[in-house]
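S.K.: Each chain, letter by letter, is given below.
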Amino acid sequence: MQFEASSLIPVLPEIFILSVACFVLVVDLFMEDRQRIISYFLTQAGLLVAVLVTLGVSQPEAQVVFDGSYVRDGMSDALKIGIYLISFVAFLYAKDYLRERDLFKGEYFVLGLFAVLGMMVMVSAYSFLTAYLGLELLSLSLYAMVAFDRDSKAGSEAAMKYFVLGAIASGMLLYGISMIYGATGSIEFEKVAAALTGTGMENKVLVFGLVFVVIGLAFKLGAVPFHMWMPDVYHGAPVTVTLFLGSAPKLAAFALAMRLLVDGLGPLHADWQGMLVVLAVLSMALGNVIAIAQTNIKRMLAYSTISHVGFILLGILAGTSEGYSASMFYTIVYAITSLGGFGIVILLSRQGFEAENLEDYKGLHERSPWFAAMMMLLMFSMAGVPPTVGFWAKLFVLDAVVSVDLVWVALVGVFFSIIGAFYYIRIVKLMYFDKPEAGELVTAGMDTRVVLSINGALMLVLGLFPAGLLALCARAIG
Amino acid sequence: MTFEKFLFYVFSAILVFAATMVITRRNPVHSALFLVLAFFTSSILWMLLEAEFLAIVLVLVYVGAVMVLFLFVVMMLDIDQAAMRAGFIKMLPVGLLVAGIMAVEMFLVVGPKYFGLDKYAMPAPHPADYSNTEELGNVLYTIYMYPVEIASVILLVGIIAAIGLTLRRRPDNKRIDPALQVQVKKGPDRIRVVKMPAEKKMEAK
Amino acid sequence: MDAFLDILWILIKIVAIVLPLMLCVAYYTLAERKVISYMQVRIGPNRVGPRGSLQPIADAVKLMFKEIILPTNANKTLFILAPMLSIGPALAAWAVFPFSEDLVLADINAGLLYLLALTSVGVYGVIIAGWASNSKYAFLSAIRCGAQIVAYEIAMGFALVVVLIAAGSLNLGDIVQAQAGSWGFLNWFWIPLLPIFVIYFVSGVAETNRAPFDVAEGESEIVAGFHVEYSGMTFAVFFLAEYANMILISALTAIMFMGGWLSPFHGIPLLGTLFDLVPGFIWLLLKTLVVAFLFLWFRATFPRYRYDQIMRLGWKVFIPITIVWIVLAGFFVAV
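Residue numbers (my numbering), protein chains in the order written: chain A, 1 to 478; chain B, 1 to 205; chain C, 1 to 335.
Just chain A, same shape as in the assembly (with noise of 0.2 Å):
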């Protein structure tokens, strides 16, 4: 088997990321304190280029190269540009509040980069081995990322929590992923699809082997029952990297979801769509009951998002093209939700004061009604009321889960949004019908103010013309 130079020209956006974080690396190594901001600038630089060095790589038919492990289609392309820009708005956030708590290292940028290269590669694998290895380069940089303020007990506890169950779920995968490979004799996806529809589901080592990967997954998805970590790490962890771990990694992870269960293991649809009705329901109905009771935010969110995990699994389950883009949909709507409702939070923080207690927001409206503002939409966007984004998403997922005549599963999902509702509106209530306890007003930098504005304006505004991002998923799975 000889090698291709020209296998390399897919790989290039991987390949350049990988080599920004190197170069960021070296960089950083020669730097005083006060040029830190040059690894800070480095980064969001290479972010950018990359999303130009992908689209100049893209083309309309998928390529798969590297003897059936990588593979570069629409998806990826797509989601590896959510990808770049969702984290270069994160890395933004976290910019101010990291340097004001003297967290501001190269390392929590090169380790960024490398989440980054790991979610690419993720997003972008064709055999069980890359996508595993993709999972573990991601879970590697965030278990350190958690642990980044080693002052607190918080952060390196929730940090040995992750590390402690992401491990598990790891085993987990692999162990479904041995059994499949003993059952089709392949770790490509390409053949072990093809491997399963001439022999079907009668073989018990392929049983197994679908139970443990759909574990794995939903460990990594953080659907219940396998949520236990989610709101202990949303906590401990310092806020920036709340927002880092809330937002990108969900695109990853719908992808991860996406290549092992439909690429590689598509014929098997009927048997692994009832195990994710019972995730999705599930995780549905306890995160929007838990977060009700929670009164920190971050841990109000980790239930949040354990909920609309629930959501996007429903798409995936519908299996069908419809029901795959409207989960993408979901999926970039919801990621670009939680960055500004974190964003929003780090924006309250100050030195010496993190802003997660329900509290921190009573009367915000009176101290920054341009923020109180964009925090509602934000939460409307989250609770899937009209005008926003979340409800566009929210249908979509719905409707085609009703095509596949699933329609009491769709049910539950109304009925328990409808309770979780309660808890983002009780955030707005908070902010305009609440007296202020602190008068602090907000001191933000100009491009984090700009920054988030156009996030929350974008809930408004995507929701508005869904059509555009619709479109877009549905070229991408197409």
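Treat the hints loosely; a few may be bogus.
Pair ranges (Cβ atoms, derived) [what the hints assert, rightly or not]:
| no. | chain 1 | residue 1 | chain 2 | residue 2 | range |
| --- | --- | --- | --- | --- | --- |
| 1 | B | V110 | C | G181 | 50 to 56 Å |
| 2 | A | A194 | B | G137 | 24 to 30 Å |
| 3 | C | D276 | B | V110 | 41 to 47 Å |
| 4 | C | Y38 | A | D151 | 58 to 64 Å |
| 5 | B | Y120 | A | D102 | 19 to 25 Å |
| 6 | A | E32 | B | M102 | 29 to 35 Å |
| 7 | B | G137 | A | I418 | 55 to 61 Å |
| 8 | B | P178 | C | L285 | 52 to 58 Å |
| 9 | B | L165 | C | L23 | 50 to 56 Å |
| 10 | A | I168 | B | D189 | 43 to 49 Å |
For lysine-lysine, the following DSSO-like pairs were computed, each having C-alpha atoms within a straight-line distance of at most 27 Å [stated by the list, open to error]:
| no. | chain 1 | residue 1 | chain 2 | residue 2 |
| --- | --- | --- | --- | --- |
| 11 | B | K174 | A | K204 |
| 12 | B | K174 | A | K105 |
| 13 | B | K186 | A | K191 |
Bear in mind the hints are in silico, worked out from the structure with no lab data behind them. All C-beta atoms in this analysis are idealised placements derived from N, C-alpha and C, irrespective of residue type, glycine included.
Take the given structure of chain A and dock chains B and C to it, following the hints.
M.R.: Just chains B and C, lined up with the frame of chain A:
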């Protein structure tokens, strides 16, 4: 029974014994050493499977490096053995039950029914000059080049994370900078002459 | 029956290797004392036998009849096991060693890997000895030694990787053959791989815990290190292991960088044909002796390194240099 089969059973027995000792010994250092033995015997089993590269690398990496560092930590930690054993008897039935279920499941799934010799023919033994190392290298750097590269990046992230999370400049560290040492000049850097008024003579009493 | 004969034949070969080796070790200790004495303008041992030549035998007899003392609260099994674990790998490594073109016990393809694996296992003897002795000094030494050996093993492994890239084989015999050529000793790897040659040898010195890297024993700080509690034959076994390892490192250096059994004058018109008559084994022995002499020379002349300097040398100097050379070697081989 052929000689190889005999060897296989001998080493398998040692492996099972060592693995049992790892979890039943009271002293954690003993457990770690039995784990070393377990690695060693499994490496020998791999050798019997004609996977000599993997066998040697298992010894080189796990026995030679990982377990040495692991032993280090175990030896230096003051582990409260009583606390470790607490609840052992109470938990034992549950543990045995889980282990039993897992064993049965594994037997059902990966047992001879699906992976027996009638399902998959026994691979022919390789000739004496067959180089496992060379074959692996050929595959790793062509077909699996992409995963190999990703794996190397994962290791790099591991290094960065470990150093980033643990490296602290301690103020009480008496570290010497050789570059500064070399730059020391003969004159004022080494010795400083301080002018002081002469002290008064002690008066004899 | 055939299998039984085969095993017997292998056992005979093993004895044929180990016995002379043990003899070499014994006289290496004498050589050490003599060489260092002369360097320090002393005479050295000269009482037992003519010019002290029976001194090692006397030492061995003395150690054999001494009592083996078990310290209180020592872990008995591990305490006894430790010396064996330390000499086992030192002897087993000779299995793949080519004494001349066709004189080798096991001519395996992955010989170099096997050697690497065995040298990495050697550290267990020291660590277990340090822990099982239930003594603070011994334990400190075990920790020092473990960290040092793990650190230098990496540099050593990378140096070997450069050699295998240059030779294109993991088989020790092939590595020697790759150094053959019409230029005699100018063909050997020590010229193109000079920095690697130095690094390998220095790492070898550190790996065997010899001066100037002998902090594991560090008499002035931790008495005698990991074997402070050992006496009699158990101590002697540690001693044997250390010297066997030194001879092994010397011989490997000769194999990998100094052309093994090849004649240094091969290719030179008159001299070459004359010296080609000398058996290869003699050449290998001479080269090994030269390197082994360096070990003694170091001990007589260098002061001991400080521990943090040892670590710095290993991690920050040797490993980066070897990595650069791996890249360079790969580049040259590819071109």
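S.K.: All hints, please: hold or fail.
M.R.: Going through the hints against the structure:
1. V110/B and G181/C have their C-beta atoms about 54 Å apart, which keeps the hinted 50 to 56 Å range intact.
2. Here the CB-CB span from A194/A to G137/B is close to 29 Å, well matched to the stated 24 to 30 Å.
3. In this structure the hint that D276/C and V110/B lie 41 to 47 Å apart at CB is violated, the actual value being about 60 Å.
4. In this structure, Y38/C and D151/A meet the distance hint of 58 to 64 Å, their C-beta atoms being roughly 60 Å apart.
5. About 59 Å separates the C-beta atoms of Y120/B and D102/A, a value inconsistent with the hinted range of 19 to 25 Å.
6. At roughly 55 Å, the beta-carbon separation of E32/A and M102/B lies outside the given 29 to 35 Å, and the hint is violated.
7. Restraint check, G137/B to I418/A: a C-beta distance of roughly 60 Å satisfies the suggested window 55 to 61 Å.
8. Between P178/B and L285/C the beta carbon distance is about 40 Å. The supplied range of 52 to 58 Å is therefore violated.
9. In this structure the supplied range 50 to 56 Å holds for L165/B paired with L23/C, their Cβ-Cβ distance being about 53 Å.
10. Judged by the Cβ atoms, the range 43 to 49 Å given for I168/A and D189/B is violated: they are separated by roughly 58 Å.
11. Simply put, K174/B and K204/A have alpha-carbon atoms about 63 Å apart, too far for the 27 Å limit, and the pair is violated.
12. For the hint pairing K174/B with K105/A, the CA-to-CA distance comes to about 25 Å; that is within 27 Å, so the pair holds.
13. Pair hint K186/B plus K191/A does not hold up; C-alpha atoms about 74 Å apart against a cutoff of 27 Å.
Checked against the numbered hints above, the structure breaks hints 3, 5, 6, 8, 10, 11 and 13 and satisfies the rest.
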